[in-house]
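*Asks:* What follows is each chain in one-letter form.
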Amino acid sequence: MSPATAPEHDHATTTHHHQFDVVIVGAGGAGMRAAIEAGPHAKTAVISKLYPTRSHTGAAQGGMAAALANIEEDSWEWHTFDTVKGGDYLVDQDAAEILAKEAIDAVIDLENMGLPFNRTPDGKIDQRRFGGHTRDHGKAPVRRSCYAADRTGHMILQTLFQNCVKLGIEFYNEFYVLDLIMVDDPDAKKPKGKARPQRAAGVVAYELATGDIHVFHAKSVVFATGGFGKIYKTTSNAHTLTGDGVGIIWRKGIPLEDMEFFQFHPTGLAGLGILLTEGARGEGAILRNASGERFMERYAPTIKDLAPRDIIARHMVQEVAEGRGGGPNKDYVFLDCTHLGAEVLETKLPDITEFARTYLGVDPVHEPVPVMPTAHYAMGGIPTNVKAEVLSDNDTVVKGLYAAGECACVSVHGSNRLGTNSLLDINVFGKRAGRYSVEYANSAEFVPLPDDPAKAVREMIEDARTAKGTERLSVLRKELQEEMDRNAQVFRTDASLKSVAATIHSLRERYKNIGIHDRGKRFNTDLLEAIELGFLLDIAEVVVASAMNRKESRGGHMRDDFPDRDDENFMKHTMAYLTGDATSANVEDHISIDWKPVVITNYPPMERKY
Amino acid sequence: MATKTAQPPVESGEVTSFTVTFIVRRFDPENDAEPYWQDFDVEMFSTDRVLDGLHKIKWEVDGSLSFRRSCAHGICGSDAMRINGRNRLACKTLIKDLDISQPVYVEAIKGLPLEKDLIVDMEPFFESYRQVQPFLIASSKPDKERLQSPEDRARFDDTTKCILCAACTSSCPVFWTDGQYFGPAAIVNAHRFIFDSRDEGSQVRLDILNDKEGVWRCRTTFNCTEACPRGIEVTKAIAEVKQAVLRGRP
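Protein sequence lines, in the order shown, are assigned to chains L and D. In terms of our numbering, the first sequence opens at residue 1 and continues consecutively. In terms of our numbering, the second sequence opens at residue 1001 and continues consecutively.
Next up, chain L with everything else stripped away, as it sits in the complex:
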């Protein structure tokens, strides 16, 4: 290993050095599930920009799918089919099969770790209905979602954290990982894009409390950094979901897969985007337009309000566009829970009941709740195989680098994720990332670090800390988010996407002239927001470039100018590569799009009707 020392010119910043077999970046569900798997077998650290229990896994509400068949007949094969169909056939079917099969153990693991699931009268884990999950290949909704009231994600996050405490997992809290250390790998195959054949050797992090920099030398690095919903204004995502992990990977020249597919959850509190679980509809709540009509009956006659999210979100926007929205501006529809009764709301949906009361002053027991789609989940992300190994092109593994959870694209969600499949994803693929990363770490040697591995981060931090420009980061961020809402949301066109691309270019120019108020070292969140904005701009641009190239409508990607699914030309994953100077005006000059075949095993693509 290399005894990295702080270079002589480094007077201002202290650099610390650590060495671990496995370093996990992110302490949400996927990261902590990986840690529980890796921790007992190798020296493991979890690095998180937050305290672990602040992670956004805790905001997930409705449940975690698994064909336990505790209430009614079910099978993992049906679950696989639903996942494939829900993803509009862009799902890799081998991965979906793993997801559905390993779901059952994943739920049992959590129960054994102490998760307080809701129970049936005979004491088994209770299950409820959720969008797109059906009996026997679409015949009727099935009870597959294992849940704990409407705080399933909270319980998963707490349970995983509790078990990390039990195992004595080492956490580095409020450490912002800002760079991935890659070293040349002479044994590796040259990947397709700009990336050299390289392997992972660690990460560099910025410590919020002190302003110090930390180099983590590692054999295996696991990215479990979550999503990037903050590229949009209206989102269910936390302020901290700025896609730093995905952005770091992108800047390293590793491609990003299927980034055009972003899920808009149908039931965000109107105007706010705060999530109201689909579990409400699982319990029987109904979407209505201004005249009280149950409009989903027209669009999905079999499963109605339990159609997958992409379909429902699209028709909500359509109802409003055609003048059937409610409220003074006719700009939302209603989630009607009034017939469920106070008891169901208070016991099975207590948190969302409180959200509606607190933030809109609407009591769901007595009145329908104004809702509109909210940016919720990235189906795309860092390409991986089913062992959670990161790929630098369609099939080249980056040694020592893993990704799991929302930041990754396996792809089990295809072009649209089913509700309850993300809490499942983080558990199944988080566990796999832990298992395979530790297996690799225990068979590999540390590779020497490059000279001064912290250089890029130190410069990034110092540039930001001393930025004296006239542009305000909050203004730039708001312009990005509003433009993304306007032109890259549920419905897109070539013109709308080009408008976003132009906006991003001009924002990037203005970003060079940004000013930072806080010049301190301790808890400098001003500086970090500026760095986060840089990642948001990069990622939004990849979303837009990928969306421009997919001239069809599929799942979460709806093109007004190409309204139909086009299997002949687009039954394939998008692979976006950074191939030029990211600041060049024309997107095509620095992002090139390639494709990757979809893995089809048992389910040939069919028309998607519900």
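Possibly wrong hints are sitting among the right ones.
Said to hold, decoys possible - Listed next, the in silico SDA-like pairs over lysine to any residue satisfying Cα-Cα at most 20 angstroms (straight line):
id : chain 1 : residue 1 : chain 2 : residue 2
1  : L       : Lys233    : D       : Thr1047
2  : L       : Lys521    : D       : Leu1114
3  : L       : Lys166    : D       : Gln1131
These are computed hints drawn from the structure, not numbers from a lab.
Got chain L; can you put chain D on it based on the hints?
*Replies:* What follows is chain D alone, placed relative to chain L:
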């Protein structure tokens, strides 16, 4: 310091906005010997949260104002702070629920070391949490789920809601004067396992909480229950643990 009254409402579109005065307790460890109070006038809507006000200050006036936040809807537990003398989450406190004819005072939670502005060192809080063994202790590892009746599950439901925001512990006068006291949040998390029918570690936790810094330090002031943003009946949970300690079992 100047005390301002609210400006007359301004019509913007159909929604009314107000000028709200925030008086924030600032502290920059790199520059200030002592904390001080600073006024900010912010244009706000009645449905805005205190967090929105802090963001407006940070994003439009003074980027150095430092506070923690993440989910912004009351489930991540990052932004517990003292608002008009009460511990609350900034993202769950709406302007319409405050008396904005008076300034809104915002400061860091008490009893934990102040780091910067509204940020405190959470480490002592998590250390107490870790000490009560906040995880399921069970010897068997069944192939399927352990069974648990809905009634047994309901027994500890309230304390599963804890988000570890520290609003309760940092509102406790005993904790203010004795930082060694476990504090309400740690006891809540012990309760969550002591009364879980699947758990076998109650005895250990009851012994831990029978310590001189354990449940007996609680003076039943109910500050914790009032402070809890999740509506957990914290004082009741502590009382149940006290009874269990006396009984020697859950």
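*Asks:* Evaluate each hint against the coordinates.
*Replies:* Right, here's what the structure says about each hint:
About 17 angstroms separates the Cα atoms of Lys233(L) and Thr1047(D), which keeps this hinted pair within 20 angstroms; it holds. Note on Lys521(L) and Leu1114(D): the hinted pairing holds, with a Cα-Cα distance of about 16 angstroms set against a maximum of 20 angstroms. The straight-line distance between the Cα atoms of Lys166(L) and Gln1131(D) is roughly 11 angstroms, inside the 20 angstroms bound, and the hint therefore holds.
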